[in-house]
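A.B. asks: Counted the way our numbering counts, the sequence shown spans residues 47 to 203.
Hint data in this document are derived by calculation from the structure and do not stem from the laboratory.
Any given hint could turn out to be false.
Only pairs whose alpha carbons sit at most 16 Å apart, straight line, appear in this in silico EDC-like list of lysine to aspartate or glutamate [stated by the list, open to error]:
1. Lys147 - Asp158
2. Lys188 - Glu48
3. Lys144 - Glu167
4. Lys152 - Asp122
5. Lys143 - Asp158
6. Lys137 - Glu120
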Amino acid sequence: PESAFILSIIRQESEFDLTAHSSAGAQGLMQLMPYTAKLVSKQAKLPYSKSRLTSDPEYNINLGSHYIAGLILEYDGAYPFAIAAYNAGPKRVRYWKKINKNPQKKQINYVDWIELIKFKETRNYVQRVLENYNVYRYILEKKPIKMKNFFIDRPLY
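Sequences and hints are given; from them, build the entire structure.
C.D. replies: See the structure below:
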């Protein structure tokens with residue numbers, strides 16, 4: 047994923063604190079759960095090191111980027127789904143797509159789908175990451191933000 051997107055995840059997850067730990071056990075800049083980091087390290091062909099999650103920013107970002115890239119692929123480029131899955135897990139996103147309808151099938155638009163996310167934390171997380179993403183795109187690319195690009199150049203439904 048592009049740098050602006052990774053920065054938006056890091057901003058929301060840890061506020062750029064390499065040593066951040068969550069009450070759930072997530073660690074480092076991209077707040078990776080050790081179990082997830084271990085699985086992703088195998089996929090990325092990197093050795094797993096729990097201590098490096100909070101001591102090596104490049105390692106944490108490599109694993110987190112690999113994980114979010116996999117989620118983006120899993121959801122055919124739909125960033126709102128990938129972001130929600132990064133926060134709440136893929137099983138919950140599959141469930142929400144089922145009960146809230148699916149924007150990819152034009153059953154609902156993405157804005158309404160996000161508003162229907164059952165967990166307030168995840169709903170706010172998706173909104174903040176998308177906002178951050180557009181801010182970082184502007185900062186890094188010096189391009190004005192266009193509403194039509196808010197959902198990564200995809201239609202809203």
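A.B. asks: Given the hint that Lys144 pairs with Glu167, does the C-alpha gap stay at or below 16 Å?
C.D. replies: Status violated; Cα separation ~20 Å.
A.B. asks: Can the restraint linking Lys152 and Asp122 be considered satisfied, given a maximum Cα separation of 16 Å?
C.D. replies: With Cα atoms ~14 Å apart, Lys152 and Asp122 stay inside 16 Å; holds.
A.B. asks: Would you mind confirming whether the straight-line C-alpha gap from Lys188 to Glu48 stays at or under 16 Å?
C.D. replies: Holds, because 15 Å separates the two Cα atoms, which is no more than 16 Å.
A.B. asks: Assess, step by step, whether the Cα of Lys143 is no farther than 16 Å from the Cα of Asp158, and give holds or violated.
C.D. replies: Holds: Lys143 and Asp158 sit about 12 Å apart, inside 16 Å.
A.B. asks: Given the hint that Lys137 pairs with Glu120, test it: the Cα-Cα distance must not exceed 16 Å.
C.D. replies: Cα-Cα ~12 Å, so holds.
A.B. asks: Compare the distance between the alpha carbons of Lys147 and Asp158 with 16 Å, and conclude whether the hinted pair is satisfied.
C.D. replies: 10 Å, holds
Violated hint for the displayed structure: number 3, the only one.
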